[in-house]
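Using the sequences and the hints, build the whole thing.
Just so you know, the sequence shown maps onto residues 2 to 453 in my numbering.
Quick caveat, the hints were computed from the structure, so don't treat them as lab data. Treat the hints with caution; some may be incorrect.
[Unchecked claim] In silico PhoX-like pairs for lysine-lysine, Cα to Cα no more than 20 angstroms straight-line:
| hint | residue 1 | residue 2 |
| --- | --- | --- |
| 1 | Lys118 | Lys378 |
| 2 | Lys440 | Lys32 |
| 3 | Lys377 | Lys118 |
| 4 | Lys118 | Lys286 |
| 5 | Lys431 | Lys286 |
| 6 | Lys204 | Lys51 |
| 7 | Lys440 | Lys286 |
| 8 | Lys32 | Lys432 |
| 9 | Lys286 | Lys51 |
| 10 | Lys432 | Lys286 |
| 11 | Lys32 | Lys431 |
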Amino acid sequence: MQRFFDFFNKYLFGPSLPFVIIVLGGFLFIKYGGFIIFRPRQVISVLTRKNTEEGISPFKTAMLALASTLGVGNIVGVSTAIFSGGPGAVFWMTVSAFAAMPLKYGEVVLAMKYRRKEGGEYRGGAMYYINDCLKKRELSVLFAFLCIVNSFTVGNIVQIKAFTDSFTGVFGGRAFYIGMIAAAVILFSVSRGTERITSITSKIIPSATLAYIGISVYIICVNHTQIIPVIRLIFKEAFSIRAAVGGVGGYTLMKAMRFGAARGIMSNEAGSGTSPTAHAKSNLKSPVEQGFWGIFEVFADTVLMCNLTAFVILLSFDECVLKSGLDGMELVLASYGKYIGGKTDVVIAVAVMLFAYSTVICQCFYGMESVYYLTKKRAALTLYKLMFCSFVIYGAIGRSEMIWSLTDFNISLMTVINTVCIFMLSGIIKKETDSYFLKRPNAEKKTKNSPA
2 MQRFFDFFNK YLFGPSLPFV IIVLGGFLFI KYGGFIIFRP RQVISVLTRK NTEEGISPFK
62 TAMLALASTL GVGNIVGVST AIFSGGPGAV FWMTVSAFAA MPLKYGEVVL AMKYRRKEGG
122 EYRGGAMYYI NDCLKKRELS VLFAFLCIVN SFTVGNIVQI KAFTDSFTGV FGGRAFYIGM
182 IAAAVILFSV SRGTERITSI TSKIIPSATL AYIGISVYII CVNHTQIIPV IRLIFKEAFS
242 IRAAVGGVGG YTLMKAMRFG AARGIMSNEA GSGTSPTAHA KSNLKSPVEQ GFWGIFEVFA
302 DTVLMCNLTA FVILLSFDEC VLKSGLDGME LVLASYGKYI GGKTDVVIAV AVMLFAYSTV
362 ICQCFYGMES VYYLTKKRAA LTLYKLMFCS FVIYGAIGRS EMIWSLTDFN ISLMTVINTV
422 CIFMLSGIIK KETDSYFLKR PNAEKKTKNS PA
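If you want it as structure tokens, here you go:
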């Protein structure tokens with residue numbers, strides 16, 4: 002079975018999917034009128050506006066979505082991209098983020114437009130607009146099933162493995178007991194549903210993110226004389242045809258593009274159809290305004306967090322990173338350790354554990370929403386939660402080689418289904434966008450002319 006997954010990942014999804022997403026993102030950017038770049042004031046004004054409506058605020062839904070994307074990938078995945086694709090991968094990772102923004106915006110707009118109010122709360126996501134707009138019930142059921150599988154793999158086992166390895170590596174302890182405690186904490190965290198989950202993620206994500214940003218910015222400021230040389234190195238290697246030093250066979254333009262774009266897409270989950278489930282919970286009435294929060298999500302995840310990690314790695318080692326032979330967590334620890342000192346392992350371990358915990362409860366939420374879509378029975382939701390927590394224990398003590406292959410295949414299949422649907426429904430997204438920007442100037446004019 003692993004050979005089957007590896008074949009598709011290596012020859013079909015792996016090399017081509019990131020480039021397809023970049024091309025589709027560029028197409029959607031043009032179709033939407035390029036407002037992401039040409040109308041930043043409107044986007045920023047929505048993001049900074051105070052929300053006083055009842056229900057779950059757009060900030061909380063964005064933090065819930067970020068809980069899934071801000072995880073191990075931002076810390077370990079970036080170093081792997083640099084090791085495999087060279088410094089040029091950082092450039093293509095950033096390019097993929099800007100291409101991903103229209104995709105993320107589109108899927109959030111669709112989720113908001115076709116959401117329903119059931120059980121006292123809004124419910125929406127890719128499976129809803131696949132069924133309601135495209136009238137593809139079987140495809141929506143398949144997508145919901147893939148979401149459930151995704152919650153068990155990359156949303157659970159992979160994250161808990163990183164959580165356990167970080168904890169035992171720094172503080173010691175037996176993996177089984179750590180898994181048992183983690184399972185109990187996660188079961189408590191998701192027991193009250195969306196309200197408790199959003200309450201937790203809206204506290205952890207901002208504080209953990211700001212702490213990580215603060216440490217990274219400090220290191221960059223200390224090493225400020227190397228910023229320009231590193232930027233030059235990134236651009237030089239991003240377009241280098243010749244092989245550079247390092248790695249087996251060296252770094253080439255195609256390697257930089259492939260690993261950089263893939264890392265960016267996998268990190269922000271644009272097009273995969275997972276985060277629209279979180280955004281659909283928002284109390285905003287406008288699909289377009291919630292779509293702006295989707296754009297913010299990609300910016301925070303990839304443009305900000307992934308790039309900060311990449312810059313710290315390259316600033317710490319400069320061109321020596323090409324010959325260091327370090328990869329993954331080792332490379333991150335060595336890079337941050339150069340400036341933080343002996344407490345590096347503790348700081349990074351705590352960051353990994355916080356992000357992993359947030360990702361797990363968010364992915365459990367995605368799985369619960371998918372189960373609810375398939376069946377409204379409470380017993381099914383209870384069974385899912387118990388199964389999810391049992392997989393937490395497995396993630397702490399089990400092996401994950403097969404899981405990685407299944408994860409890549411599963412999320413690639415989800416992305417193919419969802420991006421095709423976004424392309425087919427891009428006319429609806431454009432209509433919503435044009436209507437919003439047509440009404441907005443009139444609304445602002447009325448506000449200015451209204452008596453005090």
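Now the hints, each set against the structure:
1. Lys118 - Lys378: holds (17 angstroms)
2. Lys440 - Lys32: With a Cα-Cα distance of about 19 angstroms, the restraint between lysine 440 and lysine 32 holds, given a limit of 20 angstroms.
3. Lys377 - Lys118: holds (13 angstroms)
4. Lys118 - Lys286: This hinted pair holds, its Cα atoms lying about 13 angstroms apart.
5. Lys431 - Lys286: Since the Cα atoms of lysine 431 and lysine 286 sit roughly 17 angstroms apart, the hinted pair holds (cutoff 20 angstroms).
6. Lys204 - Lys51: holds (18 angstroms)
7. Lys440 - Lys286: holds (14 angstroms)
8. Lys32 - Lys432: holds (10 angstroms)
9. Lys286 - Lys51: holds (14 angstroms)
10. Lys432 - Lys286: holds (16 angstroms)
11. Lys32 - Lys431: holds (7 angstroms)
Hint check: no violations occur; every hint is consistent with the structure.
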